[in-house]
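What follows is each chain in one-letter form.
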Amino acid sequence: MGLFNPAFWTFVAAIAGIYAIMALGLYVQFSLAGLPNFGHVAFMAVAAYTMAILVVRYATPLLLAATAGIAASVCLAFIMGLPALRLRSDYLAIATVAGSEIIRYLALNLPDFTGGPIGSIGLLGPGDIATYNHDWQAFLDKAKGVIEPLFGRIASRDLAMAVVVWAAAFALIFIGWVLERSPWGRVLKAIREDETAAMAVGKNIVAFKMQALVLGAILGGLAGLLLAWEIGVFNPDDYQPTLTFYAYLILILGGMNRIWAIPLGSVLFSLLYTGTRFLNFYPLSLFDSGSRAFLRLFLVGLLLVAFMAFRPEGLLGNRHQLLLEK
Amino acid sequence: MLLEVHDLQKSFGGVTAVAGATFSVAEGSITALIGPNGAGKTTVFNLASGFLRADRGAVTFAGERIERWRGDAIARAGLVRAFQAPRVLARMTVIENMMLAGKNQPGERLGAAWFTPRRVARREAAIRKRALELIEVIRLSSLVGALAGTLSGGQRKLLELGRALMVEPRMILLDEPMAGVAPILAEQLLEHIQELRAKRGITVLVIEHDMDVVMSISDQIIVMDEGCVIAEGRPEEIQRSERVIEAYLGRLALAGASA
Amino acid sequence: MLQQLAQLVVNGLITGTILALTGVGATLVFGIQRIANFAHGEYLTFGAYVGLFLNVDARQDLAVATAGAIAATALLALGLHYAVLRPLRRLGLVATSLVTVGIGLMLRDVVFMVAGPNIRQLNINQMVVFDLKLVRISPGQLAAVAMTIVIVPAVAYFLARTPIGKSMRAVADNRDLAAISGVNVDRIGTYVWLLAGGLAGVGGVMFAVVQGTFDPNLGFQVLLLIFTTVVLGGIGSAYGALAAGFILGLAMEVSTWGGFAGGLDPRFKPVLAFLALIGLLLCRPQGLFGKARVL
Chain A
1 MGLFNPAFWT FVAAIAGIYA IMALGLYVQF SLAGLPNFGH VAFMAVAAYT MAILVVRYAT
61 PLLLAATAGI AASVCLAFIM GLPALRLRSD YLAIATVAGS EIIRYLALNL PDFTGGPIGS
121 IGLLGPGDIA TYNHDWQAFL DKAKGVIEPL FGRIASRDLA MAVVVWAAAF ALIFIGWVLE
181 RSPWGRVLKA IREDETAAMA VGKNIVAFKM QALVLGAILG GLAGLLLAWE IGVFNPDDYQ
241 PTLTFYAYLI LILGGMNRIW AIPLGSVLFS LLYTGTRFLN FYPLSLFDSG SRAFLRLFLV
301 GLLLVAFMAF RPEGLLGNRH QLLLEK
Chain B
1 MLLEVHDLQK SFGGVTAVAG ATFSVAEGSI TALIGPNGAG KTTVFNLASG FLRADRGAVT
61 FAGERIERWR GDAIARAGLV RAFQAPRVLA RMTVIENMML AGKNQPGERL GAAWFTPRRV
121 ARREAAIRKR ALELIEVIRL SSLVGALAGT LSGGQRKLLE LGRALMVEPR MILLDEPMAG
181 VAPILAEQLL EHIQELRAKR GITVLVIEHD MDVVMSISDQ IIVMDEGCVI AEGRPEEIQR
241 SERVIEAYLG RLALAGASA
Chain C
1 MLQQLAQLVV NGLITGTILA LTGVGATLVF GIQRIANFAH GEYLTFGAYV GLFLNVDARQ
61 DLAVATAGAI AATALLALGL HYAVLRPLRR LGLVATSLVT VGIGLMLRDV VFMVAGPNIR
121 QLNINQMVVF DLKLVRISPG QLAAVAMTIV IVPAVAYFLA RTPIGKSMRA VADNRDLAAI
181 SGVNVDRIGT YVWLLAGGLA GVGGVMFAVV QGTFDPNLGF QVLLLIFTTV VLGGIGSAYG
241 ALAAGFILGL AMEVSTWGGF AGGLDPRFKP VLAFLALIGL LLCRPQGLFG KARVL
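Protein chains in written order, with this note's numbering: chain A, 1 to 326; chain B, 1 to 259; chain C, 1 to 295.
No lab work stands behind these hints: they were computed from the structure. Glycine included, each C-beta is placed from N, C-alpha and C at the ideal position. None of the hints are false.
Quick partial rundown of chain A residues pointing at chain B, CB under 8 Å, derived from the structure: (1) Pro183; (2) Ala190; (3) Met199; (4) Val201.
Which chain A residues face chain B? A few, computed with CB under 7 Å, are given here: (5) Val178; (6) Leu179; (7) Arg186; (8) Val187; (9) Asp194; (10) Ala200; (11) Gly202; (12) Lys203; (13) Asn204.
My request is simple: use the sequences and hints to build the entire structure.
Spelled out as structure tokens, the structure:
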């Protein structure tokens, strides 16, 4: 794909929007509630698999299957609540990544249930190709009809997807922003600052953290569903811990304590990600497509380290409000 | 009796911090909890306020057994504690610290900001008003917008006191309020402690080492040593008690002790 | 049935050695440097690939390749410590963990880019099998056993008898007490990276020979197993990690034995370890041999 192919840019836009929602979920858990969840990808996996299994095997209507997917993520959040609220931060990081790996291993090794390593295509057993995307594509067609007056000739399903995703992303970020500035957000800020003091003035720490966890799970689940619909297929390897760290990088890029920096972070990240995959100018052309994947991940690692070292407050953040040290 | 502690026990590893403490605090009184270092006083505070789980024993507050309750539940029930080293929320402003502590905030419920915005706004305004009033009482009005982390030690203690008042307590536990505070602020603190009872009817239990302070403001004194309560009574009685003197001085004072 | 058990025990002990040796280095580093090093698995990958280069490309024999891997990985660990980890200590636990994740990603993908994603193997004839009546051992496992016999006693001696080794254990156990007793805690903190790196290097080579084939994802696969070993043995307890490695290796292998109501499906061995890790962190973070610390 060339730099001027509109399909490339709509794809970047859609991915950026989806990643923004994923990062928002992590923001609620990490930046608001101070919970370093290194297993965020599990919410995405659980929602996507639940939805796909229901659609493919039980012909569930899309909206119901999607709701069930999100509900499954919420269940996972409740299961996670048990360790999350009792572990110190670095232990929590390790436990959550172990948890998300357990989920991936189960998805990988229970082929009758999850299609195994082949993923969503294998949900109907060998010999059949399972798809879950038709209802969503139909919805996108309707959405395309809505945006046609605005965009004219270039209106396409892909563009409709990008519009839908970003509309959702901005709406959700706005909701998050209102919450952050409300008394609820104030309690979370206090919990991050000094949990014991917050308890001493009568705040139920456990309940607040649990709420943040559930919110983050809903957002992560939604992101998982959208990503599944955008790509059309998925398999267990799509849900490696690396995805969680993409979300962290997005937060770090924009500024870990600025909710409105999330779109900036996700756009930058998506440019890096899809750019290294699809763009073909020097010096990227030195790498073949296989090696590009490794270059991409190398850059992700490099950015993580570089920003943590030189600009932990991100591009838009405020150094004084940084609440990282724990 | 507003607070009753019965046979409270707590050990850490092999060390017994509290070995069966029993005492009661009358409503509306100012009671001092004194004793040599290591007597278990702060541990008793932690046990009573729900920040530590007792191995054995009972704590009754306003008629309810609270020894199994969590710290935040006990604070909401009206038993509020302050800490030896004040725990202010450093990166929040003084007014934010105060407003955080406001009781019954519908805005703290997750959906409320969205579904009942007017009710939330009304309560916020009321809390802000009360916070500003209390900030004036503790004389930190000039620092309303300052980050709590920039306050001096004595100012932090005042802020903690103000924050405790926001929770509308029936009883406050103060842990060495005078320690490390400049004399001017210490006098102010003392005034505030006395006003707690006089103007607001709040019961006070205070750990304190400064004997002048203790003797001047307390109605009742409880003495602890090595994890147990060894004496309980009015200041005059305690001053004359041989056991107390022995605990502090470590030896029997025979002739000179009795007045 | 019994033969299967015996084979599983042998496999478990050999896997256990890899975990034990790597675990000793990891637990000392975690205990002394107080970080959760998410890049530790990639140190093993690095070691395996240095060994590969020496063994296959430079046609050295396995012993030389292993020695090279140990040295190179030790230097890598030391270099990363000086270049990245020490300057960033001030950031706190979570931020440092994220930094180690970044380092791990970089390391793994440099290996991918330089050495390629193809499955590789060291110069060991994997076709041969030694039949010892009760159990069968592959040449790779034999090589691993040989390394074990040389290295484990050396490490044990180092930890027990040499001043540096004893100081390491002291600092990992009680930093302040060690400092008061005259131990140069900073210098020990540096040496421990050399040890951890070296052990990761040999761990990587052993993993490569035992598994037969490997690719740059090797380290990522073992990272959580290393964490489990460290937590199981008690963070900071070298002997604990040694024991825990064997226990974990044995548990993972033996759990698949038919005698346990059909046994665990071998594909779920890692799940067993991960569940153990979560359980330990929740209920007994000091593991089997660590001290219960007040957090």
